[in-house]
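Q: Work out the full structure: start from the sequences and follow the hints.
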Amino acid sequence: MNKLRSNKLFALLVAISSVIIVAGIILYVLLGFNTAKDRPTSKFIDVSYGTTVVNGTVGEGEATKDASVYLEENVEKLLKENGLTYAEKTHFENGALTSNDLSSSGQSKTVRYTFGAKTANDKLDKAIADIEAFVEAQAEVQGSPISEGVESVAWHASENLALKKAAWRGAIAIAVGTIVALIYLTIRFGVSCGVAGLVVALHDALFTAAFFALTRIPVFGFAPVLYAAIAAFASVAVWTVLSIRIRTNTKDPENAGLAADALADKSVDGAWKSVALIAAALAVIVVVFGLVAAAGTRALVLPAIVGCLIPVYSSLLIGPKVFVPIRKAFDKKRASKKGGYVRKKKKAELEAEE
Amino acid sequence: MSKVKSALFLTLVSIVLAGLCFMCAVSFNYGGYEGFRSILRKTQKDALLGNSFSLVGKADEAGDYTYGSETYVGGGYTVVYYPDGVLSKDAYEDELEMRESLLEELKKPDSKATPEEIEDADEAVKEYTNGYKQSGSLYFKIGGYDEEDEKDRGIASVVDGKPVVDKQFAEEFDRAVAAIRNSVRELGYENSRVDVRDGYSVEIFLPNFGNTASQAGVFNALGRVGGFDLKYGANEEDAEGITFDEDKNETIRDYVKSVYYVSNGGTPSIAVRFTKAGRDVVKNWTAEASGSSYVYFYVGDEPMIALTASQQIDQGTLYISGSYTAATAKATAYALNNALNGGEVSFSFSVGEVFERGALFGDLALTLCFVACGVLALAFIVFFFVRYHGLGAAHLYSFLIYLLPMILLVWGIPFLHIGIETFLAVLFGMLLHSVSTMIVYENVKKEYAQGKTMSTSVKNGYKKTFWGIFDAHIILALISFVTYFIAIGELATFAFTLGLATVISGLCTLAVGRFHWACLMSFAKNKGKFCNFKREELEDE
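Chains as they are written, first to last, in our numbering: chain A, 1 to 354; chain B, 1 to 541.
Because the hints were derived from the structure by calculation, they are not lab data. Positions of the beta carbon are idealized from the N, C-alpha and C atoms, including for glycine. Check each hint, because a few of them may be wrong.
Said to hold, decoys possible - Here are some chain A residues pointing at chain B (derived, C-beta under 8 Å): (1) Leu-31; (2) Gly-32; (3) Val-176.
To be verified - Derived coverage of chain B by chain A (criterion: at least 3 residues anywhere in the stretch with Cβ under 8 Å from a Cβ of chain A; other residues may be distant): (4) 187-200; (5) 350-356; (6) 359-370.
To be verified - Derived, one-sided and incomplete: chain A residues facing chain B with beta-carbon distance under 10 Å: (7) Ala-96; (8) Ser-104; (9) Gly-170; (10) Leu-185; (11) Leu-282.
A: Here's what the structure looks like:
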């Protein structure tokens, strides 16, 4: 543990954190986060079909299939034949928008196959032509509702316009929330705990956001701010645990006269298990929730583990080192005040003696 | 506490908790579509989650079912907008098919059509096929953009057999899209998105509000782009606008400062802030108003608001309410304000395809989230029973008293809904509650180990840990609620839910838990064994 408290290591950690945060900010300004989960650009094929396909069947006897299933199977086969692999398949109900209502028919549907933005247009054109030919050929198949029921087949290119307002509002919210919470911490535990807590919480929020900007892990557009908030909240929680320990140790008569750095070391010794346990429990929640949940949820939840674990590193290794000089300064100030008081008292006593 | 009182209290609490558990989690049908839907089922879901569609309703005397409004299913709606001069492949083919079938009908031998009529129909087909040129999945109207007839003008010219969109139209399209994006952003609905499709159409996705009329109002407002104008008259045809002083380069912005949404005593309203000149104009217009004339607020060619002037209007800020919901009032205000502040857009959008889709993360996403929460909750509960034996029951009671109000609050507070962020916040709250409870139990355990009686140990244990737990909860609640007040979207939902979870967790740990402990203790013959607490063994010297 002592090795982890050396000033050299602290300087190294500060340097690493600073480099990561600064590089993350630069990369964010230049490239933003990797919001691939939002599919910022994509191409997709929409196949729309009506009631006859939704309610119809194809084939006879045991080979009877729902017409929509049969249609989708064949569309997917044709896509494969054209060398197209879709990233997502989505079902929609077609609807209508009037001046005072928005309704879905329930009988007319669209299946959307989403591809990467770099998918070649000629491949998509060819696939559309093949699908249309298949649909047309179904007119010759007795009892097949597909030719009559398929309403349209088309491919589109899509470009998402990011709605960025939430990001900067979120950043300000985290900063203000942290400051307000740490004002309370300052009142209850002293300025040194408050300032160190603020440094640690802001470090954790920035570090988490920078981590996602640097590593280019694909995330949903709104997610990095949420992860940063989780980091800041977790950081404040674990720093509170440390602050409680520092206060308890300060009040303990056994520790009277203990220097700030010794006090910090003793508090970290007493609290590191609790801090690690809280962070581990948070991480377990995130991992279990992420693993059990559906694929989309997993992609959103699992990266939050970064925000859960960063506070352990900062609260145990950075926070106490920030706390010590502030505490020393306050101790010195208090001592000089006390000294002043003692000198005045002595002077008064001397004067009285004279 | 006496055994009888404890038994009575625990029985009552158990009945209430069982009832709440039933209400929160169980849904069933009793004949046809009539049924009982659990709180969790009725709670709004965000676009990412949602459950499969289920009808709930009551049969009237005629046997027809009227469906309740609680059938919220998550997911959302996508609407595609096409500007004037741009057609989807379907719209183009439908129109062409209609014209061609008319021509075929007229050409039939038994048709009584005159040669001129056939020629006109033939011309209509040619005009249509020549008038539009395909690029990708869109058809562009060919012709000069600066023709006088704005509705029927072309927006592209043909270069090397391909349509090339007019520069002015492209600039106006970008402005219109920026205005739509601003409005959607200001509306602030989670998971909403705006996509430009095929370069010159717009696709907007908004989560399901659970009120299709309101949602339709929002989609219609979002598609309104164009210049802002203010007119007054008995009807749209006769209405006259402001005469701008050309020497002073006056524009509408010299008369109207801004348009914004405001909730006036809970009534959603649109506020129009006039300049002094604007206020005077409206005042003069409505000097003799008697309810038969209107102040029109135009966006593009059509009025968005027709305000009946029943008396003279002399206000710096005019508050317009009516049949607006908060959502429609916001969307209308944003559309008007964007039109006022945005650049010139001389076309309008028409609605194309409309899609409804279920949970964006798939039909099973919500169920799996509940399973994950259940697994974690069970893990917490089992841990306490294993470590503290009978005392696990006290934790179970306070745990349920934390969890059930959380479910009720998420259901009852209008701006909360079930989403991933809500799940995370509730789970983090669950952890906070269990960790705090464990800290208390461990302190009591230490006291008991030193040879104190159980009641003294409990008293001392709570006394020692009270302020630490109190501070931790206050600090987390503070950061959460402050974050909620500033943030928007998912973060705001997460922060508010976590704030609630923190407050309830604090109450459950420090008050409820202790009370249940006291109740349960009255049944225990060997209190230490009941709690799995052991005395320290002292070695004889």
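Q: For every hint, state whether the structure bears it out.
A: Okay, the hints, checked on the actual structure:
no.	hint	result
1	Leu-31	violated (20 Å)
2	Gly-32	violated (16 Å)
3	Val-176	holds (6 Å)
4	187-200	holds (count 10)
5	350-356	holds (count 5)
6	359-370	holds (count 7)
7	Ala-96	holds (6 Å)
8	Ser-104	holds (4 Å)
9	Gly-170	holds (5 Å)
10	Leu-185	holds (6 Å)
11	Leu-282	holds (7 Å)
When held up to the earlier numbered hints, the structure conflicts with 1 and 2 and fits the remainder.
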